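Put together the whole structure using the sequences plus the hints.
Chains A and B are the protein sequences, given in the same order.
Taking full-length UniProt numbering, the leading residue of the first sequence gets 1, the next gets one more, and so forth.
Taking full-length UniProt numbering, the leading residue of the second sequence gets 1, the next gets one more, and so forth.
These are computed hints drawn from the structure, not numbers from a lab.
Note that the coordinates shown come from a computational prediction; the quantities given were computed from them, not determined experimentally.
Any given hint could be a false lead.
Subject to a maximum C-alpha distance of 27 angstroms in a straight line, what follows is the list of computed DSSO-like cross-link-like pairs (lysine-lysine) [unchecked claim]:
#1 271(A) x 57(B)
#2 205(B) x 217(A)
#3 94(A) x 42(A)
#4 94(A) x 311(A)
#5 42(B) x 93(B)
#6 296(A) x 271(B)
#7 296(A) x 296(B)
#8 271(B) x 292(A)
#9 94(B) x 326(B)
#10 296(B) x 271(A)
#11 296(B) x 292(A)
#12 321(B) x 57(B)
Not everything, but these chain A residues come out facing chain B in the computed CB check (under 7 angstroms) [claimed, not checked]:
#13 235
#14 245
#15 254
#16 262
Just so you know, even glycine gets a beta-carbon here, dropped at the ideal spot from N, CA and C.
Listed below, chain by chain, are the residues.
Number of protein chains: 2
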Amino acid sequence: MAEALIQIGVIGCADIARKVSRAITLAPNAALCAVASRSLEKASAFAAANAFPISAKVYGSYEALLEDPDVDAVYMPLPTSLHLRWAVLAAQKKKHLLLEKPVALNVAEFDRILEACESNGLQFMDNTMWVHNPRTSAMAHFLTDAHRFGNLKSVRTCFTFAADGEYLENDIRVKRDLDALGSLGDQGWYCVRAILLAANYELPKTVVASREPVLNKDGVILDSGASLYWEDGKVATFHCSFLANLTMDITAIGTRGTLHVHDFVIPYHEKEASFFAGTQTSFNDLVTGWAKQPSKHTVNTDLPQEALLVKEFARLVGEIKFKNSKPEKKWPTISRKTQLVLDAVNASIRRGFEPVQIQD
Amino acid sequence: MAEALIQIGVIGCADIARKVSRAITLAPNAALCAVASRSLEKASAFAAANAFPISAKVYGSYEALLEDPDVDAVYMPLPTSLHLRWAVLAAQKKKHLLLEKPVALNVAEFDRILEACESNGLQFMDNTMWVHNPRTSAMAHFLTDAHRFGNLKSVRTCFTFAADGEYLENDIRVKRDLDALGSLGDQGWYCVRAILLAANYELPKTVVASREPVLNKDGVILDSGASLYWEDGKVATFHCSFLANLTMDITAIGTRGTLHVHDFVIPYHEKEASFFAGTQTSFNDLVTGWAKQPSKHTVNTDLPQEALLVKEFARLVGEIKFKNSKPEKKWPTISRKTQLVLDAVNASIRRGFEPVQIQD
Chain A
1 MAEALIQIGV IGCADIARKV SRAITLAPNA ALCAVASRSL EKASAFAAAN AFPISAKVYG
61 SYEALLEDPD VDAVYMPLPT SLHLRWAVLA AQKKKHLLLE KPVALNVAEF DRILEACESN
121 GLQFMDNTMW VHNPRTSAMA HFLTDAHRFG NLKSVRTCFT FAADGEYLEN DIRVKRDLDA
181 LGSLGDQGWY CVRAILLAAN YELPKTVVAS REPVLNKDGV ILDSGASLYW EDGKVATFHC
241 SFLANLTMDI TAIGTRGTLH VHDFVIPYHE KEASFFAGTQ TSFNDLVTGW AKQPSKHTVN
301 TDLPQEALLV KEFARLVGEI KFKNSKPEKK WPTISRKTQL VLDAVNASIR RGFEPVQIQD
Chain B
1 MAEALIQIGV IGCADIARKV SRAITLAPNA ALCAVASRSL EKASAFAAAN AFPISAKVYG
61 SYEALLEDPD VDAVYMPLPT SLHLRWAVLA AQKKKHLLLE KPVALNVAEF DRILEACESN
121 GLQFMDNTMW VHNPRTSAMA HFLTDAHRFG NLKSVRTCFT FAADGEYLEN DIRVKRDLDA
181 LGSLGDQGWY CVRAILLAAN YELPKTVVAS REPVLNKDGV ILDSGASLYW EDGKVATFHC
241 SFLANLTMDI TAIGTRGTLH VHDFVIPYHE KEASFFAGTQ TSFNDLVTGW AKQPSKHTVN
301 TDLPQEALLV KEFARLVGEI KFKNSKPEKK WPTISRKTQL VLDAVNASIR RGFEPVQIQD
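Here is the structure:
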């Protein structure tokens with residue numbers, strides 16, 4: 001039933017848009033209907049290189065795509081500093097919004113984007129793919145299981161990769177006027193999201209940045225981290241960096257269980273993903289080995305996580321478009337919490353690693 | 001050649017002494033020759049239950065064992081607050097010393113123990129078993145390999161276990177007058193040692209304790225952590241706790257490689273142990289999976305790590321006893337660095353989580 005497909009336009013031809021265009025094609029309830037770049041040539045080349053259908057429209061300006069009445073929703077992989085302007089305009093043009101992370105330069109900007117979406121009855125979702133992997137649901141079941149995991153005591157996450165010289169010189173993520181949050185906004189976003197998942201989305205009370213962040217000459221964060229504290233004693237730490245080998249770990253420890261993941265943002269393989277989970281792990285009597293150790297859990301998926309994200313987004317848009325439903329608030333609420341924590345880390349860095357309280 | 005066996009006496013019948021007595025039996029160059037407790041009955045029962053040879057002597061006081069001229073060396077699993085007194089006396093009685101960790105309540109005490117060992121020409125070693133596992137050598141080779149790992153950027157470690165109510169009430173490790181460092185001295189010792197291993201034993205410059213340690217009513221640490229900073233930008237964090245499920249992780253990230261370990265203190269199995277190592281791990285072109293992921297390395301051992309520790313200790317004692325060698329300084333030097341970091345964490349906790357500089 002082609003009529004039921006949600007028609008998605010892509011605004012901007014960033015590298016990540018290649019992966020998301022493929023995901024829109026793979027999602028059974030969505031279709032690529034348009035692409036816009038600031039140059040028509042670039043948009044045409046992108047459409048040709050990324051298997052857009054012949055019917056897809058190609059625009060030489062973002063405004064033109066937003067004026068297209070056939071476009072239900074837009075995917076927006078623009079640099080973070082452009083989000084406020086274009087996301088608000090997209091909402092004013094009644095387009096549901098799938099927005100790259102970090103969602104904004106700060107939560108005040110994000111609130112203006114959210115307000116525009118809400119007042120126009122539109123679905124908002126950020127493009128954090130890994131949370132849509134069925135592995136993440138399995139992890140969340142484990143983490144919220146009073147018997148298998150108990151209460152969260154601590155969680156450590158990291159996301160690092162070794163950017164090359166070209167990236168560190170020219171990528172938008174190291175440019176103050178484009179992605180001023182740098183590694184914190186890019187990689188830290190995922191770390192914080194994983195911490196929030198482990199904490200069942202309860203915001204920490206206090207955030208203290210690590211003392212030795214690396215900033216480039218423009219003040220953009222290349223390497224940073226923080227400790228997060230909750231009132232009940234839960235502690236989290238994370239580290240993100242453009243300057244260290246590709247690594248993405250979660251270690252979450254509860255009163256009764258432990259979770260280990262080594263590929264949480266991008267699973268090693270597209271169609272299967274694993275984690276290690278242990279409950280009441282224990283030593284043998286002489287403490288020369290473990291009587292009970294964590295075991296490996298593998299979760300398969302027919303669709304890659306980015307296609308599952310698009311499928312969920314298109315489903316929610318479809319509920320609104322075809323069934324008059326209200327937008328789902330879960331996703332923008334989680335986006336906002338993630339941004340709040342990033343803001344606090346950033347503030348702590350700027351204030352000389354002082355503790356920063358989070359006020360929701 | 002039985003004459004070449006190093007004769008080891010056990011001072012104190014703590015639970016851990018069962019494992020170490022077995023290790024002394026397993027080590028090809030050492031023999032159990034005596035055990036002392038404050039009660040002769042307890043010492044006799046311990047010797048009987050732990051397969052001491054018939055020739056082994058049983059003493060009802062520590063002093064008596066230390067007077068025995070057949071004893072070359074002592075293993076001392078006494079509560080930390082007793083180390084200074086008994087370790088110094090053992091050295092005065094010319095006994096080489098295998099001492100439980102933490103080696104002392106603080107580095108000033110430890111320096112007095114070391115001085116007693118050095119001035120008597122005695123070998124000192126602490127009982128940190130995992131560093132004697134051949135897996136640890138394989139990990140160290142990886143971590144110091146410029147091509148496979150590069151320069152260390154960050155390392156995170158943890159060691160937690162869920163102590164039961166009985167332990168939290170009565171174990172020596174929660175008693176201010178016995179093991180005042182609590183979880184920090186017990187579990188934190190291992191975390192700090194792993195961090196030092198990853199940093200090739202370079203001491204951090206600054207230590208900042210985590211803000212929400214849990215102390216019992218006597219001020220003994222049940223749960224704590226810290227961030228460690230080096231001048232070149234390396235960062236480490238650790239977390240140790242008696243209040244969370246059994247977990248012991250190392251994640252070390254270099255400019256070119258990553259190491260993951262989940263059972264670093266006590267390997268899951270006695271005779272084989274694994275770690276995950278990746279070099280220049282990378283995504284595939286579309287970032288939908290990894291082109292190069294970490295691989296699992298398994299190292300086998302005929303002797304369990306605690307027997308390898310005893311073997312190394314007895315080898316060094318033998319070099320001194322039979323070949324007039326000097327004591328090996330490597331081991332006490334590492335013990336001292338570990339204690340220095342613990343002292344700094346403890347100081348930071350007591351000073352309201354202020355940064356503490358480490359002065360060697």
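Going down the list of hints, with the structure as the test:
| no. | hint | result |
| --- | --- | --- |
| 1 | 271(A) x 57(B) | 64 angstroms, violated |
| 2 | 205(B) x 217(A) | 25 angstroms, holds |
| 3 | 94(A) x 42(A) | 25 angstroms, holds |
| 4 | 94(A) x 311(A) | 20 angstroms, holds |
| 5 | 42(B) x 93(B) | 24 angstroms, holds |
| 6 | 296(A) x 271(B) | 21 angstroms, holds |
| 7 | 296(A) x 296(B) | 14 angstroms, holds |
| 8 | 271(B) x 292(A) | 16 angstroms, holds |
| 9 | 94(B) x 326(B) | 14 angstroms, holds |
| 10 | 296(B) x 271(A) | 21 angstroms, holds |
| 11 | 296(B) x 292(A) | 20 angstroms, holds |
| 12 | 321(B) x 57(B) | 21 angstroms, holds |
| 13 | 235 | 6 angstroms, holds |
| 14 | 245 | 5 angstroms, holds |
| 15 | 254 | 6 angstroms, holds |
| 16 | 262 | 6 angstroms, holds |
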